[in-house]
Structures are given as structure tokens and as C-alpha cells.
Amino acid sequence: MDWVNAVVQGILLGGLYALFAAGLSLIFGVMRLVNIAHGDMIVLGAYLGLSVTAVLGIHPLLALFIVVPCMAIIGYVLQRGILNQTLGGDLLPPLLVTFGLSVILQNALLEIYTADPQKMNAGALETASVPIGGLSLGLLPLLTFAMAVVVIASLQWTFYRTALGRAFRATSDNQEIAQLMGLNKRHIFGLAMALALGVTAIAGIMLGIRTSFDPSVGGGRLIFGFEAVIIGGLGNLWGTLAGGVILGVAQTIGAKIDPGWQLLAGHLVFLAILAVRPNGLFPRISG
Amino acid sequence: MNLSDYHVTRTSRATKIAAVLGLLILVVLIAAPLWAGRADMRLLGELFLYLALASLWNLMAGYAGLVSVGQQAYVGFGGYMLFALTIFGGLHPIGAILVAGVLGALIAVPVALLIFRLRGAYFAIGTWVIAEVFRLSFAQISSLGGGSGSSLPAGIVKSLSESRSGREHLSYWLALGAAVIVIVAVYLFLRSRNGLALTAIRDNELAAGSLGIDIWRTKFIVYVVTAALTAMVGALIFLQKLRISPDAAFSVNDWTAFVIFIVVIGGIGTIEGPIIGTLIFFALRESLADLGTIYLMVLGVVAILIMLKAPNGIWGLVRGRFDLELFPLSFRVKKSNSSKGA
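Respectively, the protein sequence lines represent chains A and B.
Counted from 1, the first sequence has number 199 at position 192 by my numbering; the numbering is strictly sequential.
Counted from 1, the second sequence has number 690 at position 219 by my numbering; the numbering is strictly sequential.
Only chain B is shown next, with the shape it has when bound in the complex (with noise of 0.2 Å):
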């Protein structure tokens, strides 16, 4: 055996399909203005929404380990700014969202350095906390609606756009770019340096630490991009809802259980799975929604069933059972080509 016959590569055949599979289903997702009807249309945004919201939370607890129940703080914040920087400061809603993910980094700072105090599960409730503390603080607000919220003023929706049409369209595909966006971020972070820290994080703190990984900072990275990103979510989020209040926009339910759940299901710790819980989670909403809170329930058992029979996920089993991988993340060792030898 000759080393040189050997290469470490991290594509195979299966990631070279699904690059082309995703850039095929991309297209078609962005023409959907030709081919899907108005609420078909609604309906795909608020996955793609979603779907952001899932990476960027396996991001920080399937990777960085932290995991936070209070990811609604940073949907509601930036909620409010886009509501603020619109009314008050007279910012184009675009421009707004993007200011939005700005002081959604800035905020994140001083929480992380507070709640990093916490370990664990204490973490875990110390990040609802602090959505709490941004409900209240929002709902003194008066200009902004105080405890009952307030809507969109018409002008600054007619800016996106004068007709409705075009203004569903651009909300759809800026959900569209949003998820987008939010893969590739999360992709080239763990393809970087450290992201190939954070990989070496989850794996073993202990040893991490000792091979010179600085674990605070680390961490402390992915949760002020998290944040920064999620508020950005939370701002597209509320431009589709066009009215905001406290309750809606700091939701423990909404925008962290349900968020949870879908990454559990997929997967926790893979980019694939927070891909497949979405459809799946949309997939069980859209055919059971008319049992009410028998669905939450059902999502429930669900989440509770796989965390305990199949931790990894509904991708983790696919990948154990084919060795597959749609993302090329890890390396492997191949044999070349060019030899043809033993």
C-alpha cells in the first residue's frame, strides 16, 4: 500500500447530486411567483422562515452547545426594530431589517456576557429570562403600542412595493434569501476555522480546551451572529405580519418550542436536519391543523418519542443506516484515481 495512492477529499458522489438537486430545486423555488398560488405562496415563506430560525438554533445547540429556550428575545427584537427604524426612523423596511440584525449583535454582548455565568440547563432557563425582560421592556414602550402593539403604517408598506402582488412576491423571496442566506452562513462558519473549532467543541469540550481552542470565545461568536441573524428572521418575520405586540413577538411557543422540535426531529448537530424537521414539521401542521391543540400535543409525543429512541434524528438514522452526507463537511480518505494498482 502506497500512501500517495490515497487522497483526503470532503466531496463524494452523493454531495456533488445534492449541490446540483439544490441549485435545481432553488431555481424553481424562486420562480414560484410563476407557478404558486397567493397562499401557496404565504405558506412557503413561512417555511423558509422557519427554516432559517431551525438552522440557526441547531447551529448554537447542536454545535456551540448552547442551548438557549429564549431565542424568541432575539425574533421579538428585531421585530420591534423594524417597526421603530421604519416609523420612527424613516428607514426603508430593506434597509430596516438589515440595521436590525446589527443591534440584534449589539444587545446580544452584554446578554452573553451575563448569561454565559449560567451552565447547562440553567443557560437554558437564564435565555427565557431574558426574553421576559425584553417582553416587559417592550410592552412599556407606549409609542410602540405598549402591552397591545401596533401595525404597519400603510405608507411604509406601500414603500416595498404599490401593488399587493409585487409586495408578496418580494416578502417571498426575501423569506427565500433569508433561509438561504442563513444555510450558506451556517455552511462556510463550520467549513472555517471556527467552525472547525466549534466541531471540536461538541465532540470533547475537555479535550478542545486542552488542544488550545479558546471555548468562551467560540461560543461567544456563534451566539452574537445567531442573534444578529435571528433578528433579521424576527424583522422579515413580522414585515410578513404586518403587526406586531408583545405577546406575538416574544411567543416561547412560537418561535423556540416549535423551533426545537423541528430540529430535534430532523436531526440536532447537521445541517441536513433542521432541512427535513421544516417539511416535516410543516408536513404535520398542514394535515393536522384542524385538531387544535391535539397537534401541539401529537408534536409533542413526537419530539419526546425521538429524543428518546433516536437521539440524532430522523437524519441522524439515515446517515448511521447509508454514511451519507448532502453537505460536504467531513473529510474522508479515498483511494485516487489515477492509481490502479493492488
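In isolation and in its complexed conformation, chain A is listed as follows (with noise of 0.2 Å):
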């Protein structure tokens, strides 16, 4: 029964994971942009989600009607004051960029907030849980997981029912074309990176209820979002919420065989999955 705990808890965790990834996912999706500051930025949703909950003394789920358009709205302006100028056929300068943004995002964060941990109050949220079958599952993990399947459903819905999704799927496609067609693409790629932050908050908050944080911990959020993307296989979000299923289940196991084992039980599974089918489980883009 312990193992079935072990994994049911890891499949919740996986929720959380995916909600990580879906963002970077997204992102890839529509212009191959590879965002290293990813981490951080959930870091960042968190961080604003703290300090509204503080200023307005609410639920820090209420914050996320706050911090999402909030999130959002950096998100445009980042990508139409900057991130825009990257693009091209190189892969250096968006990387190098998104990599300056993390040192000055951390730093600032640091300077802000300082380096102690700190933690966003759920109240009963956080300890209530429901018995199902024997296992006592937590409320917060279980709807940590329903907001990723939410989520991906939403994008997923975006994507490909709707004339934003066409614009962004045309625009992936073929910028040229798509800009003969009336795309104008600095906008469209502003809405997509503004749509993969909008995500970020509802990540970066549910990361700040679960657990603390501090300005340090973007990378290890971006290297697990990361690996949920790449295992899942690149361009497919459902395959995302997958990988972080995999990453979640893999680091609950190895934790329970030792605790100091559960990261790197996630990240021995990334890299045996990457040796064995290296465009992921379910791929849908090659390269």
C-alpha cells in the first residue's frame, strides 16, 4: 500500500510539474523559444502572490485574479520589448537573454524580498485531505493536479479551436506567410508569451502554497518543467502533463527508497528516457 501511496502521491505531484512545463510548452510551441529565466519566473508568480495576499489580505488563490493579468501583462511587454529582437535563425541570443533576465530577475528578487524562505498561508487548504480507497489524499495536491489538467485542456482548446490558436499555429508555421496573411507576429508572439506567464502564475502560486521558496530555487523549477517537456515529447501538451506525471511518479519512488534519492531518481528517468526514445514519449514536432 505504500507503494501505491508512493505513486498516487507522485502522479499528484506530477500536477504541479506539468503546470511548470506547460508554459515553456507553450512557448516552444509557437516560436522555439527556449526561456531560461522560465524558473524564475514562476518564482517571480509566487513572490507577487505573496506580496498580494500580504498588501489586500486575501486567500492566495483569490490572488491569482491579480496575479495572472499581472504576469501576463510582463509577459507582452517582455517579449515586445525584448525578447522579440532574439529571434531569428540563431539560437545564441534568445538563450544568452533569457539566461541575463534569470541572473537580474534573482537578484532583484534578492534584493527585494531577501534570501529567507518564505511561504504563501492556505489555511485549512493545506492540511485537508479527502480518504479515497485507503489513501488520504490532500485537497491542495489533488486541486494542484485538476488546475494542471484545467489548464492543458484550456491551452490545448486555444490552440486549435480558436482564431488566436490558428494565428499562433500559422505564425509557427511559416512567419513569412503568416505575415502576408495580416499576422503581425511581434503581437502575436507578445500574446504568447503573455498566455505562458498567465500559466506561470497559476504555477508559481500553487509552488507557493505547497512549499517554500526563496529567490534561488527558479533553477531547479525550470530544469523540472524542462524535463515534463522533453519527456512528454516537444509540441505536445497533453505529452507534457505526461512527462510530469513520470517525473512526479519517479521522484516519489526513489524518495521512498532513500530520501536524498528523489531528484535524482527524476532525473536518472529523464536521462534513461532521453537514451532510449530521445524526441520523447509522444512526439509531435521532430528537432
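In case anyone wonders, no lab produced these hints; they're calculated from the structure.
Watch out, some of these pointers could steer you wrong.
[What the hints assert, rightly or not] Using C-beta positions, here's what the derived DEER-type ranges look like:
1. A/Leu275 x B/Leu795: 22 to 30 Å
2. B/Glu757 x A/Ile119: 24 to 32 Å
3. B/Tyr658 x A/Leu275: 35 to 43 Å
4. B/Glu757 x A/Leu275: 38 to 46 Å
5. A/Leu275 x B/Gly561: 51 to 59 Å
6. B/Leu495 x A/Leu187: 56 to 64 Å
7. B/Glu517 x A/Ile80: 35 to 43 Å
8. A/Arg168 x B/Leu800: 50 to 58 Å
9. B/Thr764 x A/Gly88: 20 to 28 Å
10. B/Leu800 x A/Leu187: 54 to 62 Å
The beta carbon of each residue, even a glycine, is placed where N, CA and C say it ideally should be.
Taking the hints as your guide, dock the two standalone chains into a single complex.
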């Protein structure tokens, strides 16, 4: 039963990792951009949530209604102001610019919020649990997983059922022809980053309710998100959810064997999948 | 016009002057114990080690297109090998540094086989995962102090030299030697057949492939050689620090972010770039040290601005304006001196 419990907890943890990964997967799908600062932006979302709850005295989940639009605006401005200039054939500029953003963001957060670990207080939600089939499942992990499913389903719907999604796909397939059809790719990319950072805000707040965080934890979140994306297969949103779940289960099983093995087990499963299936388990885009 | 009036050469007046000046500077630096204070020598030693790391990263990213953000894997690996080989293997520290290089190359082979499956930016983050695996693995080894790390025993430190100043001089010369060896190795590599292949790949990978260059093999060699030398530099870094812990050894900020900024600011894809970048980085660091974390933000802003406004860095600007090259790498067509005609 212990092992079943570890697997179930791992699946729920995977929901959080899928939230980390969804933004990364989205912007890669639209503009082939890999954002090294993605993890730090998750942490920024968590800190914004912390500030909003502290100032307004509201529940962290309610803070989502303020933090998500804020992060979306930041995303749009960032894309139009800086990141659009880095897009092109060469992979170095976007990589190094987002790496620079990562260092700036980390140290700005350090300057404003200090290095002390912080945590958001979600009251009774943090400890509440529901007994299901002999297992006791935390309400918060269940909620996180449900949010991951909703976020990914919404992104999928946006991509394939809306005019915006059509614009995303058209610009992604061929920027020049999309321009000719009257789409402004700079604006489209701005909207994609806005959407991605909106999702990142959700990820940040769920992270901030679940565990304590400090300005230096972004790199680790980037890596988890990245691993979920690669395991699932580039450009496949449901694959990203599956990747998050596989990573989460690997970590909880690793932790069950030896607490020091939690992160290492996740990385090793990732490397093993990379060795066997370099394009991930459910690839959609090659390369 | 007669073709025999022209010849192809790599040297120019600038490269000759640079060579003479370079040798003079080297002599002055070797003699540093005669003129520099203890703190200056420590700073210079650190500068040389960063110069070596930056030159190596530049060879990989600027020439082979292998943008790694996980070189801290080899810095930390080299550091830990120095500790393991001297404490448990009983090796002399200098011998341990050489063996650390060999072991770095050996471990880089399976790593390369694995992460070469990822491309572009995903390769970059893949290298970071590898570095995390290294960090977490070394944190599990309790005989090396586990997560809290360990110090180099006094006996091993004394085996370098009995006196404190003797050790300081030796460690300074080792750092200087590392920088010189790395720059010379990069220079010779780029002049070799493999280097020519590498430059061709950098300029146009598709064309290089169609000319029969084995792109995968060339990149593989660069990755493994870089890993070996980075591990040796890592061993030297922790020979100076005398203390190692997983977080310090595998720090992405210290051993990769700063190194990338150095190369980008100086000028990626040139030998001169990392040298200039290192000088600027240390000048910035020494003058802004009091600002604490603000200094890191300034560094990030400078790196972003350079990447957006002058992607070839400071040296790229200089070279674009004056057609200058200090290391004789590119070929030029020149009029032969013997002919006085036309």
C-alpha cells in the first residue's frame, strides 16, 4: 500500500510539474524559444502572490485573479520590448538574453524580498485531505492536479479551436506567410508570451502554497519543467502532462527508497528516457 | 596583374606586434611574485582561472555551437577528483590535477553520447541537468563530506610547499600556466585540421556537412577535450580554495553564468574575446563589489545590451572597425614584397 501511495502522490506532484512545464511547452510550440528564465518567472509569480495576499489580506487562490493578469502583461511587454529582437535563425541570442534575465530577476527578488524562505498561507486547504480507497489524498495536491488538467485542456482548446490559436499555429508554421496574411507576428508572439506567463503565474502560486521558496529556487523549477516537456515530447501539451506525471512518480518512488534520492531518481529517469526515446514518449514536432 | 605577385599569409603586422607584446606581458606576469602583493596575486590567479574557463566555453559555444549552461559539472567534478585522489589515492596534488583531466574526459564520453541527442537550447538545459546529477551524486558520497563538503587536509596542502608564500607562488603560477596552456591549446586546435572543420561548421553547418566534414565527430572531440581541460581548471580552483562542497563546486552562477557573460561581453567566437571579457568582468567586479547583488544585475543588463546591440561583443566592434586580429588565424591575400610593379 505504501508503494501505491507513493505512486498516487507522485501522479499528483506531476500536476505541479506540468504547470511548471506548460508555459515552456507553449512558447516553444509557437516561437521555438526556450526561456532559461522560466523558472525564475515561476518564482516571480510566487512572490507577486505573496505580496498580493499580504497587502490585500486575501486567500492565495484569490490572488490568482490579480497575479495572472499582471504576469500576462509582463510577458507581453517583455516579448515586445526585448525577446522579439532575439528571434531569428541563431539560437544564441534568445538563450543568452533569457539567461541574463534569469540573473537579473533572481537578484532583484533577492534585493526586494531577501534570501529568507517564504511561504503562502492557504489556511485549512494546506492540511485538508480526502480518504479515497484507503489512501489519504491531500486536497491541495488534488486541486493542483485538477488545475493542471484544466490549464492544459484550455491551452489545447485555444490552440485548435480559436482564432488566436490559428494565428499561433500559422505564425509557428511559417512566419513570412502569416505576415502576408495580415498577422503581426510581433503581436502574436507577445500574446503567446502573455499566455505563457499567465500559466506561469498559476504555477508560481501553487508552488508558493505547497512549499517554501526563496529567490534561488528558479533553476530547479526550470529543470523540472524542461524534463516534463522532453519526456512528453516537444510541442505536445498532453504529453507534457504525462511527462510531469512520470517525473513526479519517479521522484516519489526515489524518495521512498532513500530520501536523498528524490531529485536524483527524477533526473535519472529523464536521462534513461532520453537515451531510449530522444524525441520523448509522444513526439509531435521533430527537432 | 600577375598572380605570383600575391601570396597568402596568416600573419600581419598586428599579429607580430601582439605576439611580442604578449610574450613581454607573460614575462612580467611570471615575475609577479617579485612585484605584486599577496592580495594582488590571489586576484590575478582567480582572473587566470576565469580566463581559462571562458576560453574553453568560447571554444565550445563560439566555434562548435555547443551552448552549454552546465560546464559547472566539470568544474565541480575536477574539484572533487582533486580531493578524492589526494585524500584517498595518496597522489601529489599536481598529479591529481592531471588525472582529474583524464577522468573528466572519460566521464564526458557517455555524457556526450546522451546529451548530443538534444539540440540547440534543449542541449543547453540538458547540460544543466547533467550538472545537477553530478551535484546530487557527490552530495551522496559521505566520505567526501556529503552535502556539507570537506576541507583539504593540512598534510596535502603542505605537500605543495612547506612555506605559505611558496604555496601561494606555486598556485599563482599554476593558474597562470592553466590560462596560457588553454589559450595556446585553443589557438593550435583552431589552426589544425579539426579547427578548420570546426570553423566551417560554425559558418555554415549544412555546407560543412556536404563537404564531408563529420560534424558529430568534430563536436564530440571538442566537447570531450573541453571537459578534460575544464576539469583540470576546476581542480586548480579548489586547490586554491582548499574547501569544497556540492553547492560551491557545481554553482551555475559562479562557473557558468559569469563565464558566459565574460565571453558575450568580450566577443564570442574569437580568441581575443574571452581575454577582453575577463578583464572587463574583473574591472566591473572590483569597482562594483560594494553594491552586492546590484552588481550582478548590472552584469546581466550589460550582457543583454551587448547581445542585442553588438552580438559580436567588444572585440567584434573593434575588429569590425579596424580589421584587427591579434591571433593569426584567418588567411589574407597580400602583395609580395619582391614585386615592385603595377
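Okay, the hints, checked on the actual structure:
Remark: the range hint 22 to 30 Å for A/Leu275 to B/Leu795 is contradicted by a beta-carbon distance near 49 Å. Range check, B/Glu757 to A/Ile119: about 26 Å between beta-carbon atoms, so the 24 to 32 Å window is met. A hinted range of 35 to 43 Å for the beta carbons of B/Tyr658 and A/Leu275 is consistent with their spacing of about 39 Å. Distance hint check for B/Glu757 and A/Leu275: the Cβ-Cβ separation is about 42 Å, which falls inside the suggested range of 38 to 46 Å.
About 32 Å separates the C-beta atoms of A/Leu275 and B/Gly561, a value inconsistent with the hinted range of 51 to 59 Å. Remark: the range hint 56 to 64 Å for B/Leu495 to A/Leu187 is upheld by a beta-carbon distance near 60 Å. Between B/Glu517 and A/Ile80, the C-beta spacing of about 42 Å keeps the proposed range 35 to 43 Å intact. For the hinted restraint 50 to 58 Å between A/Arg168 and B/Leu800, the CB-CB distance of approximately 55 Å keeps it satisfied.
The hinted range of 20 to 28 Å is satisfied by B/Thr764 and A/Gly88, whose Cβ atoms lie roughly 23 Å apart. A beta carbon spacing of about 43 Å between B/Leu800 and A/Leu187 contradicts the range 54 to 62 Å that was offered as a hint.
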